[in-house]
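All chains should be modelled from the sequences, with the hints used to inform the complete structure.
Quick note on my numbering: the sequence shown kicks off at -2 and runs consecutively.
No lab work stands behind these hints, which were simulated from the structure alone.
Just so you know, even glycine gets a beta-carbon here, dropped at the ideal spot from N, CA and C.
Keep in mind that a hint or two might mislead.
[Said to hold, decoys possible] Simulated crosslink set (DSSO-like; lysine-lysine; CA at most 30 Å straight-line):
1) 25 - 190
2) 274 - 240
3) 108 - 418
4) 157 - 190
5) 323 - 379
[What the hints assert, rightly or not] The calculated label-pair distances, taken between Cβ atoms and stated as ranges, are:
6) 400 - 329: 41 to 47 Å
7) 375 - 125: 46 to 52 Å
8) 153 - 497: 54 to 60 Å
9) 197 - 115: 36 to 42 Å
10) 307 - 376: 40 to 46 Å
11) 358 - 197: 31 to 37 Å
12) 264 - 125: 42 to 48 Å
13) 437 - 404: 20 to 26 Å
14) 258 - 358: 15 to 21 Å
15) 357 - 98: 54 to 60 Å
16) 209 - 501: 22 to 28 Å
17) 316 - 521: 45 to 51 Å
18) 197 - 375: 50 to 56 Å
19) 13 - 502: 18 to 24 Å
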Amino acid sequence: MRIFHGGSIITINDNQPLVDAIGIEGDKIIVTGSLEEVKQIMKKNVKLINLEGKTLLPGFIESHMHPISLLLFLLNVDLSVCKSITEVQDVIIKASKEKHQDDLIFGHSLKEEQFDVPILPTRWDLDVCLNPVFISRYDGHIGIANSKALELIGIDANTKVPDGGEIRRNENGDITGVISEEALNLVYSTAAKYLIPKPDVIKKTAIKAFNFLAEKGITSIQGIFNYDTEEGGLSLVEVPIYKSIQDQMLQNCYAMICTDKPRKLTRLKKKPLDGGKIDSKFKLNTLKLFLDGSFGAKTACMWEPFSDAPNMCGFCVVEEDEIYEKMKIAHNSGFQIVIHAIGDKANRIAVNLYKKLLNEFPREDHRHRVEHASMLTEDVIKDMKKYGIIASCQPPFINSEYTWIEKRIGKERCQYTYPMKSIVDAGVMLISGSDCPIEDPSPILGLHALVNRNGFVPEQCITMEEALKTYTINAAYGAFEDDIKGSIEVGKLADLVILDKNPLEAPEDKIRDIQVLETIIRGKSVYKKKIE
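Here it is in structure tokens:
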């Protein structure tokens, strides 16, 4: 039994926003109030922990991430610091020296917007390496294969392009190696056997990954897991890998399953993927669907062309009738639905689909979500409020995109891009994540983005109190877990984080400097910052 006192304790409980002390026993919070009140209830054999002026608050909840992708990223070649195609080539050639010439090299986190000349590499640029090479843009919606990788994967001039995907060609009709959206499945269905490491390596990497999240103050994740039946594909192995690493997971995990066959959810919703209790560490309750791509890949579905690509409006990766049939199955089986939508047209379509579904099959407390919800016009926000649709946003996108997004979509459309204040003011539930490993999962950086937005459309800044809720109680609500976590209240899980500064008092330009000192999950300290 422990009592925390002597610092700022932010409860995120509107009925008792600040307290002097809290007491925990086992994995639960059992008392809050003044130090004397807490001592009296806790009585003997209690360890007093003086916060020494630091700040305690509920543990951060990451509302949208890809755990298996994080493991693969940690095991492969990071291109995020490359500032030119030449630097990409140098990093890949260096990596090839540690591999056999026939081994596939997988590079990730390419950010061509930070190049002096912001263009994607082509197959011919990557042919400087004699190995088969496949690299992925940081948002995961575009990849580039060199000639040897195209041969390995089996993509040539006669390959049929899947619906909702692209295999790009140059003006001469030659395949450039640039592959996007649904066409990426051609790559991953073949390349999975080269990308999946041995079980012992996976488990070691999992320990590293979940410690990494703990250092960020993250106590719960809402993770996306692909699960389909392509023989040898990544989608087929993600759920089995998840099962195999649950013993290494520090965080609570709420699984959102991406599948073309939503009837599978009922079969999957059992141990070990779902513990069956409201406070189980592992839960599964959600169908994840995709509508469009991303801004960076110019595949987000837009009403009008991209400002810097007047011949491109993006596209939907699936037909509306097809996605609606999947939605009906999941909804009528009692599952939550979350739909990836980034472009303004995609978000309108997503909300229209929800309207149709909920009018045809009314259901209380469904908590369906739009994932990313990047561009929301006033009419879409109004409908989200009316139908109880959650906006699951990724504030770190603002940190990555604010330097180039106006060039991509134009000043006018920026006004309703990442419109956090409009969402909050309309009474729509706003929850926050990072899309890790696409972005740094640090909630501190997310809070920075929410409160000051790096100057991007500053009218859409929200207050720190509102921002904290998106990473705590709101995020818990987004997973039907607000009764057990997301605030410091009696009976809730002792998922806590200690910060070196009070975020409610930190100057806006100092938010990103706040440090996580300790992370506690279910009453157990899983991370403590070393004091130098």
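Check your understanding: Quick one: are residue 197 and residue 115 within 36 to 42 Å, going by C-beta?
Key -> holds (40 Å)
Point to revise | Range hint 20 to 26 Å (beta carbons of residue 437 and residue 404) holds or violated | key: Taking Cβ atoms as reference, residue 437 and residue 404 lie about 23 Å apart, which means the hint holds.
Exercise for review: Measure nothing beyond the straight line between the CA atoms of residue 25 and residue 190; if it is 30 Å or shorter, mark the hint as holding.
Suggested key: violated (43 Å)
**Study point:** residue 258 paired with residue 358, Cβ distance criterion 15 to 21 Å
**Key:** holds (19 Å)
Practice item. Return holds or violated for the Cβ distance of residue 197 and residue 375 against the range 50 to 56 Å. Key: holds (53 Å)
Practice item. Starting from the range 42 to 48 Å, see whether the pair residue 264 and residue 125 falls in it by beta-carbon distance. Key: holds (47 Å)
Review point. Residue 108 and residue 418: Cα distance at most 30 Å?
Key: Holds, because 28 Å separates the two Cα atoms, which is no more than 30 Å.
Review point. Is the straight-line distance between the alpha-carbon of residue 323 and that of residue 379 30 Å or less?
Key: holds (25 Å)
Check your understanding: Given a hinted range of 45 to 51 Å, is it respected by the beta-carbon distance of residue 316 and residue 521?
Key -> Hint holds: Cβ distance 47 Å, inside 45 to 51 Å.
Exercise for review: May I ask you to test the hint 40 to 46 Å on the CB atoms belonging to residue 307 and residue 376?
Suggested key: Violated, since residue 307 and residue 376 (Cβ atoms, about 25 Å apart) do not stay within the stated range.
Check your understanding: If you check the beta carbons of residue 153 and residue 497, does the distance land in 54 to 60 Å?
Key -> holds (56 Å)
Check your understanding: Regarding residue 400 and residue 329, is the given constraint of 41 to 47 Å on their beta-carbon distance met?
Key -> At 44 Å between Cβs, range holds.
Hints 1, 10 and 11 from the earlier list are contradicted by this structure; the remaining hints agree with it.
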